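S.K.: Residue-level listing of the chains:
There are 2 protein chains.
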Amino acid sequence: MKIALLGHGNVGRGVSGIIDSGNTGFTKQLEITKILVRDASEATDERMVFNIDEALDDDIEVVVECLGGIEFPFSCISKALNMKKHVVTSNKKVMATYYDQLIALADKNDVNIIFEASVGGGIPVMSNIRHTKRVDEISAFSGIFNGTTNFILDKMYKEQKPFREVLTQAQKLGYAESDPGDDIDGHDVKYKCCLTGNMVWDTSLSLTDITVFGIRTVNQKDIDFGKRHQSTLKLIGRGSKNDRQVQIFVIPEFINDNDTLAHVGSNLNCIVFTSTNLGIASYIGQGAGTFPTAHAVVQDLVSLLNGEDLKISTDEKFAINNKEYISRFYVRTENLVYFEDYIYKKIDPDTIITEPMDLYKLKELIEKTADKNLFVAGVSL
Amino acid sequence: MKIALLGHGNVGRGVSGIIDSGNTGFTKQLEITKILVRDASEATDERMVFNIDEALDDDIEVVVECLGGIEFPFSCISKALNMKKHVVTSNKKVMATYYDQLIALADKNDVNIIFEASVGGGIPVMSNIRHTKRVDEISAFSGIFNGTTNFILDKMYKEQKPFREVLTQAQKLGYAESDPGDDIDGHDVKYKCCLTGNMVWDTSLSLTDITVFGIRTVNQKDIDFGKRHQSTLKLIGRGSKNDRQVQIFVIPEFINDNDTLAHVGSNLNCIVFTSTNLGIASYIGQGAGTFPTAHAVVQDLVSLLNGEDLKISTDEKFAINNKEYISRFYVRTENLVYFEDYIYKKIDPDTIITEPMDLYKLKELIEKTADKNLFVAGVSL
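These protein sequence lines map, in sequence, to chains G and U. Here my numbering is used: position 17 in the first sequence is 1, and no number is missing along the way. Here my numbering is used: position 121 in the second sequence is 105, and no number is missing along the way.
Just so you know, not all the hints are guaranteed correct.
Identical copies carry no separate label here, and so any pair may be met within one copy or between two of them.
Said to hold, decoys possible - Straight-line Cα separation of at most 25 Å, SDA-like style, residue types lysine to any residue; simulated pairs: (1) Lys77 to Asp193; (2) Lys145 to Asp241; (3) Lys142 to Lys211; (4) Lys117 to Glu292; (5) Lys18 to Phe147; (6) Lys142 to Asp243; (7) Lys295 to Gln13; (8) Lys356 to Ser250; (9) Lys356 to Ile327; (10) Lys68 to Ile16; (11) Lys(-14) to Glu121; (12) Lys117 to Asp4; (13) Lys117 to Met(-15); (14) Lys225 to Thr11; (15) Lys92 to Glu121; (16) Lys117 to Gly9; (17) Lys(-14) to Glu292; (18) Lys156 to Gly(-7); (19) Lys92 to Gly9; (20) Lys142 to Asn240; (21) Lys329 to Tyr344; (22) Lys12 to Lys301; (23) Lys12 to Ser297.
Simulated from the structure, these hints should not be mistaken for laboratory data. Model, not experiment: these values are computed from the prediction.
If we strip away everything but chain G, and leave its shape as in the complex, we get (with noise of 0.2 Å):
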């Protein structure tokens, strides 16, 4: 199967690693013919172009996108799709930005879309979303869908450190990008969430109803809240389902230390499934890295190769409602007063716990504060 690689970066590299070797009876019969990098400066391999339309050649079946970025891999894979070339891509953004136009432009060249390194990294969510719905109805999802913040607290917890030392530290093992804010404010988790969603629910979610809080702002004495109350702080993704209402967030919660979520430290992902018969699943592993999501990569090759159905589906139709969840919430902000008729419990002159409300009432009153470092996270007190 000839494949066109857009992209050579970290991803790029390991997948063009990984089928070079040909280790597998299957990665021997995928091939790189081309590969697109941005000039000639990059060019290290013959098969080496430097526009697209030069990769996009008649013998071109499948082209892989790991070009980051929205716009141009965006126009990329357009163009792809409509030479009806299958895609695959590793690309979290474009997906959940397009997840409509991408899908239905695969379909209507009758050619397949698919993505399972753009979510868990190594883990194989989207094969065993896919799994899991031939026998059951996946009715919930949550976990730790970004690496980067699960190093940062975890490193926060296990050895006091402050959050800029050890966000440069995850900058500098190449965990964390230059510009951190996709990671730290959430949105990484909320792209991965509304795929993860899409998949799970046949659907195409609005990427901004997902409602999200970030861990910019937390600080030691956050930590160490979680620790005086047997919990470990971590970024939470979470989906469910209940009738036609759908509930995506993310949010820092406190974990039960009884739980294995937890546990799940330095940068690993962890992702939960609950089902109809199989109860609670959990997959932990490598959810970035170059050779974990390139496998992810060449995983969907293989799929391709086997002639998988792999036709996605955005026949249901949701809305994102997050009225229903119902929490209590720690607050940290010089700003109280705000939340002066919703205090649950004291904890100092500037942290509280609030009495039950939704994210949104939340969100409102967060906003009243107007306060930059106020931090917060969901608690089961």
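Fit chain U to the given chain G structure using the hints.
M.R.: For chain U alone, kept in the frame of chain G given last:
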């Protein structure tokens, strides 16, 4: 696809429950037309028959074996394969005992025999092995393969209850058999590790060469030793491959609390694979129970329905050799004299940590003590 179901106990009832209700596009295409039960006293349904020949009529394409035991299931499965019917079984004991014969018989008759439910209950162990191997080589596996003993050790750890009391509770909850020997002596894990190793390395391993230590003699003192050393006692199965040798053994181990495995509680299973590109990936879920196990059986049926390539190879030949696994061990016995030359550390008059040794040396010394109450566990101090 017409199915004969052999056995209508815990698992069998779950299988007919899922298939009869036909909640997904795939399960709707499955139909149970015969159910083998012992005699008329068990008949609750007009599909029920009382001898195997009645169950195997011409229309039947697949036979699902959920009988329990060894010799009768073996004869039923053999008969079904010889009549060119695919076989799905949840029976680890019959599969591990007659692996070579059953795989060869399926091959000869050009049908499949598959057994997802026999290892890890609802956890898709076998399908994830097949999936991972498409791209990676799996070098090792480990984990908690038995829910009953995990339940017992977890209760002893969290509630300080004595072994016998927790075992009785596990029996009442239906986790443990009335004869719990296979669970607490480690043989259940041995069968599962044998099947896992066979699938991972395309081989047929000798069940009797797997070294096994159980938890029959564990007491609170042992659990507390772990607590004092930030470790949790778990019954672990391990397999790994180096060149032409395979190591497989079952042993209680003190797992460091930094390891997620230490926090897999209750009756859950956790299976961990190490492979080339994916690195370490873990799956946590219900290792037993009617519906999780039945889910796994029905997954096998859907795989047959989809015409997946389910052929099992035993072409690779490996001897099990556990000599290269060297560890320190926690040993508690009233007869420590035989360990005199191998003491790394004395814990109390009955308990030591040994110098590093291999499992065969350990077994030899244990046999010399002739102490039926001896308890041994791997330790990484």
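S.K.: Report the numbers of all earlier hints that the structure fails to satisfy, in ascending order.
M.R.: The structure conflicts with hints 5, 8 and 15, although it agrees with all the remaining ones.
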